[in-house]
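Asks: Letter by letter, the chains look like this.
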Amino acid sequence: MAKKVALLQGNEACAHGALYAGCRFFGGYPITPSTEVAEVMAVELPKIGGTFIQMEDEIGAMASILGAALTGAKAFTATSGPGMSLKQELIGYACMAEIPCVIVNVMRGGPSTGMPTGPSQSDVMQARWGTHGDHPAIALAPSSCQEIFSETVRAFNLAETYRMPVQILLDEINGHMRERIEIPEPGDLEVLNRQLPTVAPEDYKPFDDTQGDVPPLAAFGSDYRYHVTGLNKAADGFPTSKPELVDAEKRRQLRKIEANQAHIEKNEEYRVEDAEVILVAYGTISRSARAAVDHLRNDGIKAGLFRPITLWPFPEKRMARLAEQARAIVVPEMNLGQLILEIERATRRVCPVEGIGRVDGELITPAEIVAKVKEVL
Amino acid sequence: MAFDYEQYLRPGKLPHIWCPGCGHGIVMKGLLRAIDRCGLQKNNTAIVSGTGCASRLPGYVDFNTLHTAHGRAAAFATGIKMAKPEMDVLVVGGDGDGIAIGGNHFIHACRRNIDMTYVLMNNYIYGMTGGQFSPCTPTGDRTSTTPYGNPDPIFDVAKLAIGAGATFVARTTAFHATQIDKLITAGLRHKGMAVIEVLDDCPTAFGRHNKFRSVVEMMKRLKDIAVPTQAASQMSPDQLRGKILTGILHQEEKPEYCEQYQQVIARAQAAAKF
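From first to last, the protein sequence lines stand for chains A and B.
Quick note on my numbering: the first sequence kicks off at 1 and runs consecutively.
Quick note on my numbering: the second sequence kicks off at 1 and runs consecutively.
For the record, the hints were derived by calculation from the structure and aren't laboratory data.
Hints may be right or wrong, so weigh each one.
[Stated by the list, open to error] Heads up, simulated PhoX-like pairs for lysine-lysine below, C-alpha to C-alpha not over 20 Å straight-line:
1. LYS13(B) - LYS205(A)
2. LYS13(B) - LYS242(A)
3. LYS273(B) - LYS47(A)
4. LYS223(B) - LYS211(B)
5. LYS205(A) - LYS42(B)
6. LYS220(B) - LYS191(B)
Please work from the sequences and hints to get the whole structure.
Replies: This is how it looks when you write it as structure tokens:
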């Protein structure tokens, strides 16, 4: 049977990926360059009985998806730079109360209003550390429109599996870029749902970790009643400030990511087997880097590309291994040095790590990367 | 027969955190009587709050309860109600939480006329942080951050709610204990956004800064300033100076938001058939 194909923008592919994953609630607020995600959800969700709501502000949008997620819905929002800054408060709430949800951040130049229609990759560190306090983070940075679709599905799967917010990082280029994509049939991609409690309602504790680091999450309006708070809490969900309980809760919330990194982590490698120069790039810029690898190979330089699709948790073990074979690592990113910090940490600088940063709203070209590599070697 | 509050209280969660003399417990009891009178089912009811003294209420009562970030209760509650319109959704909280940091969510919940009941305990002060002025602290009054008297004018919560589009707005005080459950009952039975403001007392943070020598004195003030709307219609502007109106201040029928969205779904599905 012929595959169903479509010519979709990255933002549209993201919205369709969310619907494929079973998203039935979108709470949003208009912001460039993410708005097409909301527009597709506004058209499609009511057709399938789902809910689209445009809230009064970015914080309200985030609050609405958390409320909806607690009723059992797969919930989603889309935003960009300044909106992401506003959402941080309740991303922290979602981490603390362990509420699954997906947030796509179509990155634009910043800080502040910056360049609303200019691309950027400057929210990499915000995706990890944007909200206050120690907390887990998962952030995915797909490159092509096809991958935006499939990684959005995976974002929902990870949110539901680990009971936490998951961020998708696009940028103004791949958010607005149109590509042919093959729309998967139902069943082609894995779709996962949160674990529901099996204990009797009177025995249910929403943060009981005796069966594992991700406690089952009951839905409001089912047979289970429980309390949710942003305070530190005991297994029963009620506030506590007992040092041993607070410590155990925070360590468990981090452990559910650390212990499952192999399942969460996803990378792509291109011509790295014998590479002496490793380019590390993600999202849109990985496309320039891939082209640069071919140019460099044609010029007799053994280059390869390591492309983390999961930025957080960062694939530090694989990065460290690749550094051992490299004479140099070059990191092009549309910011003035964010993921490079993590690469330096992971590789312990066993080889030189050089960045190429651009913050003028222009793409980093293959030629720029080629020139930098030749300068470094 | 005395009302059985314990059927709605979570075992082992009392004593509450509220200070002796605080009116929040009076409001909580009124809320539970109203819930009982309306026959709300525990599993089908969500009680949402933000942060502050009043926002600790949900932890004590046996429903689906959600204690959220400061000011965000109405927006979380909107998500619950829109995702599961068959649930009964209530919001409880204080004046700083609902009207200052949460003001935007509050007015837009009113504007949408979404079917929820918002009980706002207005004690004119940020109690949990130790007594700073809120948008409801009377002009001239003293708090820890208005040591020379408050220069700010107040928000009239009821007028704000009416202006924003809430279709049921009522007010009473923590002194008028029996009116609390009557007004919350009427709010719960109303289809649309119902706001019940309860003027409350905070002896610890407000009273001590403003020369109230006792809780009894604060309660007496609530009794004295309250004028039922029917009585007010017979009073002169001079007689009404310094008073606040109590009872149902506003009620009208307007399309409710979840029902409006059901029509959006119907239109989208009809359009998709062609």
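Asks: With reference to the structure, classify each hint as holding or not holding.
Replies: Right, here's what the structure says about each hint:
Restraint check for LYS13(B) and LYS205(A): the C-alpha separation of about 15 Å stays at or below 20 Å, so the hint holds. A threshold of 20 Å between alpha carbons decides the hint, and for LYS13(B) with LYS242(A) the separation of about 16 Å falls inside it, so the pair holds. Between LYS273(B) and LYS47(A), the direct Cα distance comes to roughly 10 Å. Compliance with the 20 Å bound is thereby established for this hinted pair. A hinted pair counts as satisfied when its Cα atoms are at most 20 Å apart, and LYS223(B) with LYS211(B) qualifies at roughly 17 Å.
A hinted pair counts as satisfied when its Cα atoms are at most 20 Å apart, and LYS205(A) with LYS42(B) qualifies at roughly 17 Å. The suggested pairing of LYS220(B) with LYS191(B) is violated, with an alpha-carbon distance near 34 Å, which exceeds 20 Å.
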